[in-house]
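> These are the residues of each chain, in order.
Protein chains: 2
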Amino acid sequence: MIAQRIMFSCMAVLFAVCSFAQTQVEQWGRFETVLHYKANGNAFTDVRLTATFSNGDTSINVSGFYDGADVFRIRFMPPATGNWSYQTSSNIRLLNNQKGSFQCIQPAAANHGPVKVHKQYHFSFADGKLFYPVGTTAYAWNHMGQALQQQTLQSLKQSGFNKLRMCVFPKNYDLVIEEPELFPYEVKQQATSKTDKWDLTRFNPAFFRQLEQQIDALQQLGIEVDLIVFHPYDKGRWGFDAMAQEANFRYIHYLTARLAAFRNIWWSVANEWDLVKPKTHDDWVALTKEISKNDPYKHLLSIHGSTAKYFEYWMPEITHVSVQDEAPVMHWGAASILRNVYYKPVVYDEVGYEGNLQHRWGRYSAEEMTYLMWMATIGGTYVTHGETYRYKDNTDTIFWAKGGTWKGKSWMRAAFMRKILEEGGGPLEPADISRDMHTATAGKGYYLLYFGKEINEYWVFNLPTKNGQFERAKPGDRFKAEIIDTWEMTVTPIAEEFVLGEQNDYRYYDKAMKKIKLPMKPYLALRITAIKK
Amino acid sequence: MIAQRIMFSCMAVLFAVCSFAQTQVEQWGRFETVLHYKANGNAFTDVRLTATFSNGDTSINVSGFYDGADVFRIRFMPPATGNWSYQTSSNIRLLNNQKGSFQCIQPAAANHGPVKVHKQYHFSFADGKLFYPVGTTAYAWNHMGQALQQQTLQSLKQSGFNKLRMCVFPKNYDLVIEEPELFPYEVKQQATSKTDKWDLTRFNPAFFRQLEQQIDALQQLGIEVDLIVFHPYDKGRWGFDAMAQEANFRYIHYLTARLAAFRNIWWSVANEWDLVKPKTHDDWVALTKEISKNDPYKHLLSIHGSTAKYFEYWMPEITHVSVQDEAPVMHWGAASILRNVYYKPVVYDEVGYEGNLQHRWGRYSAEEMTYLMWMATIGGTYVTHGETYRYKDNTDTIFWAKGGTWKGKSWMRAAFMRKILEEGGGPLEPADISRDMHTATAGKGYYLLYFGKEINEYWVFNLPTKNGQFERAKPGDRFKAEIIDTWEMTVTPIAEEFVLGEQNDYRYYDKAMKKIKLPMKPYLALRITAIKK
Numbered sequence: 001m002i003a004q005r006i007m008f009s010c011m012a013v014l015f016a017v018c019s020f021a022q023t024q025v026e027q028w029g030r031f032e033t034v035l036h037y038k039a040n041g042n043a044f045t046d047v048r049l050t051a052t053f054s055n056g057d058t059s060i061n062v063s064g065f066y067d068g069a070d071v072f073r074i075r076f077m078p079p080a081t082g083n084w085s086y087q088t089s090s091n092i093r094l095l096n097n098q099k100g101s102f103q104c105i106q107p108a109a110a111n112h113g114p115v116k117v118h119k120q121y122h123f124s125f126a127d128g129k130l131f132y133p134v135g136t137t138a139y140a141w142n143h144m145g146q147a148l149q150q151q152t153l154q155s156l157k158q159s160g161f162n163k164l165r166m167c168v169f170p171k172n173y174d175l176v177i178e179e180p181e182l183f184p185y186e187v188k189q190q191a192t193s194k195t196d197k198w199d200l201t202r203f204n205p206a207f208f209r210q211l212e213q214q215i216d217a218l219q220q221l222g223i224e225v226d227l228i229v230f231h232p233y234d235k236g237r238w239g240f241d242a243m244a245q246e247a248n249f250r251y252i253h254y255l256t257a258r259l260a261a262f263r264n265i266w267w268s269v270a271n272e273w274d275l276v277k278p279k280t281h282d283d284w285v286a287l288t289k290e291i292s293k294n295d296p297y298k299h300l301l302s303i304h305g306s307t308a309k310y311f312e313y314w315m316p317e318i319t320h321v322s323v324q325d326e327a328p329v330m331h332w333g334a335a336s337i338l339r340n341v342y343y344k345p346v347v348y349d350e351v352g353y354e355g356n357l358q359h360r361w362g363r364y365s366a367e368e369m370t371y372l373m374w375m376a377t378i379g380g381t382y383v384t385h386g387e388t389y390r391y392k393d394n395t396d397t398i399f400w401a402k403g404g405t406w407k408g409k410s411w412m413r414a415a416f417m418r419k420i421l422e423e424g425g426g427p428l429e430p431a432d433i434s435r436d437m438h439t440a441t442a443g444k445g446y447y448l449l450y451f452g453k454e455i456n457e458y459w460v461f462n463l464p465t466k467n468g469q470f471e472r473a474k475p476g477d478r479f480k481a482e483i484i485d486t487w488e489m490t491v492t493p494i495a496e497e498f499v500l501g502e503q504n505d506y507r508y509y510d511k512a513m514k515k516i517k518l519p520m521k522p523y524l525a526l527r528i529t530a531i532k533k
Numbered sequence: 001m002i003a004q005r006i007m008f009s010c011m012a013v014l015f016a017v018c019s020f021a022q023t024q025v026e027q028w029g030r031f032e033t034v035l036h037y038k039a040n041g042n043a044f045t046d047v048r049l050t051a052t053f054s055n056g057d058t059s060i061n062v063s064g065f066y067d068g069a070d071v072f073r074i075r076f077m078p079p080a081t082g083n084w085s086y087q088t089s090s091n092i093r094l095l096n097n098q099k100g101s102f103q104c105i106q107p108a109a110a111n112h113g114p115v116k117v118h119k120q121y122h123f124s125f126a127d128g129k130l131f132y133p134v135g136t137t138a139y140a141w142n143h144m145g146q147a148l149q150q151q152t153l154q155s156l157k158q159s160g161f162n163k164l165r166m167c168v169f170p171k172n173y174d175l176v177i178e179e180p181e182l183f184p185y186e187v188k189q190q191a192t193s194k195t196d197k198w199d200l201t202r203f204n205p206a207f208f209r210q211l212e213q214q215i216d217a218l219q220q221l222g223i224e225v226d227l228i229v230f231h232p233y234d235k236g237r238w239g240f241d242a243m244a245q246e247a248n249f250r251y252i253h254y255l256t257a258r259l260a261a262f263r264n265i266w267w268s269v270a271n272e273w274d275l276v277k278p279k280t281h282d283d284w285v286a287l288t289k290e291i292s293k294n295d296p297y298k299h300l301l302s303i304h305g306s307t308a309k310y311f312e313y314w315m316p317e318i319t320h321v322s323v324q325d326e327a328p329v330m331h332w333g334a335a336s337i338l339r340n341v342y343y344k345p346v347v348y349d350e351v352g353y354e355g356n357l358q359h360r361w362g363r364y365s366a367e368e369m370t371y372l373m374w375m376a377t378i379g380g381t382y383v384t385h386g387e388t389y390r391y392k393d394n395t396d397t398i399f400w401a402k403g404g405t406w407k408g409k410s411w412m413r414a415a416f417m418r419k420i421l422e423e424g425g426g427p428l429e430p431a432d433i434s435r436d437m438h439t440a441t442a443g444k445g446y447y448l449l450y451f452g453k454e455i456n457e458y459w460v461f462n463l464p465t466k467n468g469q470f471e472r473a474k475p476g477d478r479f480k481a482e483i484i485d486t487w488e489m490t491v492t493p494i495a496e497e498f499v500l501g502e503q504n505d506y507r508y509y510d511k512a513m514k515k516i517k518l519p520m521k522p523y524l525a526l527r528i529t530a531i532k533k
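Sequences listed follow chains Y and X, in order.
All residue numbers in the first sequence are consecutive under full-length UniProt numbering, ending with 533.
All residue numbers in the second sequence are consecutive under full-length UniProt numbering, ending with 533.
Note that these hints are calculated values from the structure, not bench results.
Don't be surprised by glycine CBs; every beta carbon is placed ideally from N, CA and C.
There may be inaccurate statements among the hints.
Stated by the list, open to error - Below, simulated DSS-like cross-link-like pairs (lysine-lysine); rule was C-alpha separation at most 27 Å, straight line:
1. Y:K309 with Y:K444
2. X:K277 with Y:K466
3. Y:K309 with X:K277
4. X:K188 with Y:K344
5. X:K119 with Y:K309
6. Y:K419 with Y:K392
7. Y:K521 with X:K453
8. X:K309 with Y:K116
9. X:K309 with Y:K309
10. Y:K453 with Y:K466
11. Y:K309 with X:K444
12. Y:K480 with Y:K532
13. X:K480 with X:K466
14. Y:K521 with Y:K474
15. X:K289 with Y:K344
16. X:K309 with Y:K444
17. X:K129 with X:K99
18. Y:K515 with Y:K453
19. X:K344 with Y:K344
20. Y:K277 with X:K197
21. X:K277 with X:K188
22. X:K517 with X:K466
23. Y:K235 with X:K419
24. X:K474 with Y:K474
25. Y:K309 with X:K466
26. Y:K309 with X:K116
27. X:K474 with X:K521
28. Y:K309 with Y:K289
29. X:K116 with Y:K277
30. Y:K392 with Y:K409
31. X:K277 with Y:K474
As the list claims (entries may be wrong) - Now the stretches of chain X that chain Y is said to cover, found in silico as 3 or more residues with beta-carbon under 8 Å:
32. 321 to 331
33. 394 to 404
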């Protein structure tokens, strides 16, 4: 964003309006135009400002927002190259009918656009590059002091994570008690209570500018931001979980006006929506629709409940399933059920955390956390990692809440798993649904087989005759295999080749019944790839 | 039905119309009135006949149907006692505006009304009596010869099954090749092909009368009929899977007009809907809605796909989930996922069959079939049993298709399981969702704990502190326990009492850490019940 601002040029000074705008923006970059106007009343609520951006047959309507100090901004993420022109619309004459244009150029190498649903169950960037979500969580890292924020960014940089769950509102929890420096609202002149101190009609632009810098900093690291719009971790401290629906909508309008043009944004309507006691289920349906409606780009959107609390993920506004539930990834064969039910991508965004907390959800071993990630992978779904180590009192950093440094061992395994996925033949699905719980396929002769906690001395080379939606293997097909140690993070090629024999009871065995000798260890996988003729 | 027909009395002879009707009918029994009219054209399609039944503020509109030989019938299942009057409506003057009334009396002891959804995830009869579906399947038993039909009814009588999946249309499959005696349609004067031999505008009343007798015979045995309206097992032999949508709708109208007044009917829109190649997904949505719309009583309704093929079970017309998928019941913790997703009762109507077929879905051991039933139970869901033994050629009876005699061992275990359920404290749910995969609760101090394939020497008495939606146990609560051997079908009380100690890491252990000695065998369960103070 800083780089783009250098490109600003003052286009016109007309009466009280000064319009700054860029002349060139990358595809999926962020165009921003600035308008000045001094409102008499409350510029957040009294001024309506939108703009229509047009390029050939395409027209996209976006909302502007008041950024304080008599500055209004309109942001736009151009989805296509070429010449874009725009025209504003406002109830304020001086902001109305402002026009401009810019050139949208090819994206830079690292810019692949926003992430979208790919082939029903998976994700890719807008330019088609596959995106395998290997995420982690740091709910309130953005509300910690600057030093800790920088440390968190450093930790993320050294990790392989490409998605981060984080909250807009600060978090109040027995493990996270820090008071933030910035709040999303102005303080009222006359507060009547601890939570009724905010003027919910006046946002604090400094708060949102910090959030934007954080989102951009994550974008620089190649990390998608799974931004949690509401959450229950307030408990009467600030009152952001208990605003009236009118205020919730106003907040959504402001948030989406500011952030929808950030290409690495995903919307998570809530964390643990069902634990937000002041809101009803119908409130959540309305909030989900409102966020979607106000996002002109239809970024990925989901809503996340407490353990095993499922929402209507079939709603058309919801692009993917984001659930808290470990049951689907603890044992064989369950991870795929939700794919089959919803016909959408499934991300198990909470399945427990590697850590040492007293809470049972926060004391998994690194091995278990890694196992759960692989169990999701083998089912054609995704698990989000998390870390909850605490060695001191509640001022200690726990990555899950505050960010900081890595203390565990599964974060490295997540990076290794991402590498395996990205080296692979494409998005995975179960090769033989509900029958073979261990074997995933990406088609074109690519199989990934996971043994989980099973310890085997050897494995007779065999593949299912079924192959998901893909073309089936056939007798005579030749394969090579590699042993993947998901814990040691090693890949060991097997020297031998394998050749499929005739179909034998829903399987093809190697025609000489060749075996692969396995180290007597858990957490192994096999990568099996066809040898091209 | 035979008993009720004796009560018929001729109410009026008016011109060509003769109206027979009963004067007294049980609540949820079947009232039937008969009208005579000789139609010039096609009485199935040219005559529209409905009746409105009224009792106080309640009015219910039902369709009549043509039963051949100039006879029209109107059936009605009164949902409440008292005086019901009715009035017909027809495009035929002689059938129009016919009136009558009858007295609806208290139901007999064995008549509990139709089965409904109970407490979101379970079932009960209309009178409140709980219904635990312990079903089996005999898809085409009703298309076999009379002797085999009688044998099937005898087998069902000696079993504990209370639900049967069966098809309206005959079945053509490598294991079921018999040609039925009766078909649902009249044969055309001039057939153009093997499948284009039916006059799809003229039903064969004899076919439907046989079906009705079968449904009534099952009712006498206390068995709910999960009636499969469409299926893919035709494959060009008769063409009933490939009728035009107009003919499908006509069939639905006729079927529901005849059968909706049978209290033991459930509608299964299809078996393996996705394998019916002539129909699209949207066709199934329309057919599902059409059946529901034409059933004035809103009997239970679902639709069943092939392995792991899920439908939009969130549709309001669909009362419960009826799926084919073994993945949810093969390993711990997955059975409940679908409950959590759909907020509806879940019946795993196909999870594989006890048998000896070459097909892998038809060669489970009796132990495995029994295990799957219990795995569903412990997850607060239901599994349908099935048997697929074949010892000779394709003329051999396989209960799953043709009925006949039991050849397996799990059918008895299903009866035992039903007994345990019906003795229990009510519908079960996981006590500690997604965390304790073994323990179900019915509240009021009732727990059912299943060990599955685990073999244990002893078990330290302990219960989860969580207890689903029910009141939690507390320190000092006293319990007794019984060992249930689900395979041997025995219940062995433990002499000792157990007393809960203080909460210990999400569990209450017996305060003296008392153990229960277990036989070193798989497939054991514990029934734990609070001792009333």
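> Next, verify each hint and record whether it holds.
These are the hints, each one checked on the structure:
Proximity of K309 of chain Y to K444 of chain Y is assessed by CA-CA distance (about 37 Å); at most 27 Å being required, the pair is judged violated. At roughly 20 Å between alpha-carbon atoms, K277 of chain X and K466 of chain Y fall within 27 Å of each other, so this suggested pair holds. About 36 Å separates the Cα atoms of K309 of chain Y and K277 of chain X, which puts this hinted pair outside 27 Å; it is violated. A C-alpha spacing of about 47 Å is found between K188 of chain X and K344 of chain Y, which places the hinted pair above 27 Å, so the restraint is violated.
For a cut-off of 27 Å, the pair hint linking K119 of chain X to K309 of chain Y stands: about 17 Å separates their Cα positions. Only pairs whose Cα atoms come within 27 Å are accepted, and K419 of chain Y paired with K392 of chain Y is rejected, the gap being roughly 34 Å. Annotation: proposed proximity of K521 of chain Y to K453 of chain X holds, straight-line Cα distance about 23 Å (limit 27 Å). Restraint check for K309 of chain X and K116 of chain Y: satisfied, since their Cα atoms lie roughly 24 Å apart, inside the 27 Å limit.
Taking the CA atoms of K309 of chain X and K309 of chain Y, the gap is about 23 Å. The hint holds against a cut of 27 Å. Between K453 of chain Y and K466 of chain Y the alpha-carbon distance is near 25 Å, which keeps this suggested pair within the 27 Å criterion. Distance hint between K309 of chain Y and K444 of chain X is fulfilled; the C-alpha atoms sit about 24 Å from each other, no more than 27 Å. Pair hint K480 of chain Y plus K532 of chain Y holds up; C-alpha atoms about 10 Å apart against a cutoff of 27 Å.
With a CA separation close to 19 Å, the supplied pair K480 of chain X and K466 of chain X stays within the 27 Å bound. For the given pair, K521 of chain Y sits about 31 Å from K474 of chain Y by alpha-carbon distance, which is inconsistent with the 27 Å threshold. With a C-alpha separation of about 24 Å, the suggested pairing of K289 of chain X with K344 of chain Y holds against the 27 Å cut-off. A threshold of 27 Å between alpha carbons decides the hint, and for K309 of chain X with K444 of chain Y the separation of about 24 Å falls inside it, so the pair holds.
Taken as a hint, the K129 of chain X and K99 of chain X pair is broken in the structure, with Cα atoms around 35 Å apart against an allowance of 27 Å. A C-alpha spacing of about 20 Å is found between K515 of chain Y and K453 of chain Y, which places the hinted pair at or below 27 Å, so the restraint holds. Proposed proximity of K344 of chain X and K344 of chain Y is supported: the alpha carbons are some 20 Å apart, at most 27 Å. Restraint check for K277 of chain Y and K197 of chain X: the C-alpha separation of about 63 Å exceeds 27 Å, so the hint is violated.
A C-alpha spacing of about 25 Å is found between K277 of chain X and K188 of chain X, which places the hinted pair at or below 27 Å, so the restraint holds. Using a Cα cut-off of 27 Å, the hinted pair K517 of chain X and K466 of chain X holds, with the two alpha carbons roughly 25 Å apart. Proposed proximity of K235 of chain Y and K419 of chain X is contradicted: the alpha carbons are some 47 Å apart, above 27 Å. This hinted pair does not check out: K474 of chain X and K474 of chain Y have alpha carbons roughly 60 Å apart, beyond 27 Å.
For the proposed pair K309 of chain Y and K466 of chain X, the alpha carbon gap of about 15 Å is at most 27 Å, so the pair holds. With a CA separation close to 24 Å, the supplied pair K309 of chain Y and K116 of chain X stays within the 27 Å bound. With a C-alpha separation of about 31 Å, the suggested pair K474 of chain X and K521 of chain X falls outside the 27 Å cut-off, and the hint is violated. Straight-line distance between C-alpha atoms of K309 of chain Y and K289 of chain Y comes to about 19 Å, which keeps the hinted pair within the 27 Å bound.
Taking the CA atoms of K116 of chain X and K277 of chain Y, the gap is about 31 Å. The hint is violated against a cut of 27 Å. Pair hint K392 of chain Y plus K409 of chain Y holds up; C-alpha atoms about 19 Å apart against a cutoff of 27 Å. Distance hint between K277 of chain X and K474 of chain Y is fulfilled; the C-alpha atoms sit about 26 Å from each other, no more than 27 Å. Counting residues of the region 321 to 331 of chain X whose CB lies closer than 8 Å to any CB of chain Y gives 6, which reaches the minimum of 3, so the coverage claim holds.
With 0 residues carrying a beta carbon less than 8 Å from a beta carbon of chain Y, the region 394 to 404 of chain X misses the three-residue requirement, and the given coverage is violated.
Comparing the model with each numbered hint stated earlier shows that hints 1, 3, 4, 6, 14, 17, 20, 23, 24, 27, 29 and 33 do not hold.
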